[in-house]
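With these hints in hand, go ahead and build the complete structure from the sequences.
Per UniProt numbering, the sequence shown starts with residue 1, numbered consecutively.
Rather than coming from a laboratory, the hints here were simulated on the basis of the structure.
Dumping the calculated SDA-like pairs for lysine to any residue here, alpha-carbon to alpha-carbon at most 20 Å:
#1 LYS220 with LEU125
#2 LYS263 with TYR291
#3 LYS220 with LEU240
#4 LYS236 with LEU326
#5 LYS263 with SER160
#6 LYS58 with ILE35
#7 LYS263 with THR348
#8 LYS177 with LYS226
#9 LYS263 with ILE278
#10 LYS272 with ILE159
#11 LYS220 with MET1
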Amino acid sequence: MNPYVLATLLSSLGLGTTLTFASSHWLLAWMGLEINTLAITPLMAQHHHPRAVEATTKYFLTQATAAAMILFASTTNAWMTGEWSINDLSNPIASTMFMAALALKIGLAPMHFWMPEVLQGLDLLTGLILSTWQKLAPFALIIQTAQTIDPLLLTLLGISSTLVGGWGGLNQTQLRKILAYSSIAHMGWMIIVIQYAPQLTLIALGTYIIMTSAAFLTLKMSLTTKISTLATTWSKSPILTSTTALVLLSLGGLPPLTGFMPKWLILQELTKQDLPIIATAMALTALISLYFYLRLCYAMTLTISPNMVNSTTPWRTQTTQTSLPLALFTTAALGLLPMAPAILMLIT
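What follows is the structure, encoded as structure tokens:
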């Protein structure tokens, strides 16, 4: 892609998210989300491959549907209350419609069906942008309006997302689909606690972005998109293989890794709010997700690849990729747990 076009698209992505962050008016927020969608569409379709074009079409249609629902909900709210301000979402029909639209935007269950299919059709870097940066603007709107949305709706969305995210990833062989289901599960953790402690949602979102970036950049470095080719990575770069296994366990939420911090704080908050059954359900769904992360670790570190591998063998060639972002994200994904008290103090 032409570097000038690429720079324009990436700056438009930044502009769209910043516009949504800064807006207090519904139309401006909607405009920011639209700029975001339109900026990432050419990035998704840049490899002129049928799968990429199909993924781009699916993504565009779902995002356009969600944007239309947001516009309809905000118009309904303005008609009922006479207010266009984001903080005045007092009409229950409008708030429910608005939450459904944002759930479709970020891929919460049961509006998650587009997410694995779209991510599977993209290259790893565009998939990374879709899984991390594209979640920021909708989450800013959800955090601003969480107190006006029905608590039961948020709880149902959270539990169903963690359940679907764990269950859907069990039988997958494609790594991008596994990361998509992982994303759905993490979104569920963020949504479940947003009505009680929005700052914990921010911590969970930050750690999710760090861990997912580390996972995508690792796969990009080792040119891996399937579980079967994971078994060949140890011969190419043993150190990268061992850090990848730890990053996956961090995504699963095992102590003493970074991924344990948001799960621990969220379960603690749910218990404080006298919701032991919901906390237990969330902990059990985290176990389902942990199973497929362990499956990936097993395939990568404890199996020798068969002699007849369908994929091209990744020989020990010098890579031209920059490894500094990968090193930074991997370090953060593995070692931020001791910083938990400091992070809590900064946010609260």
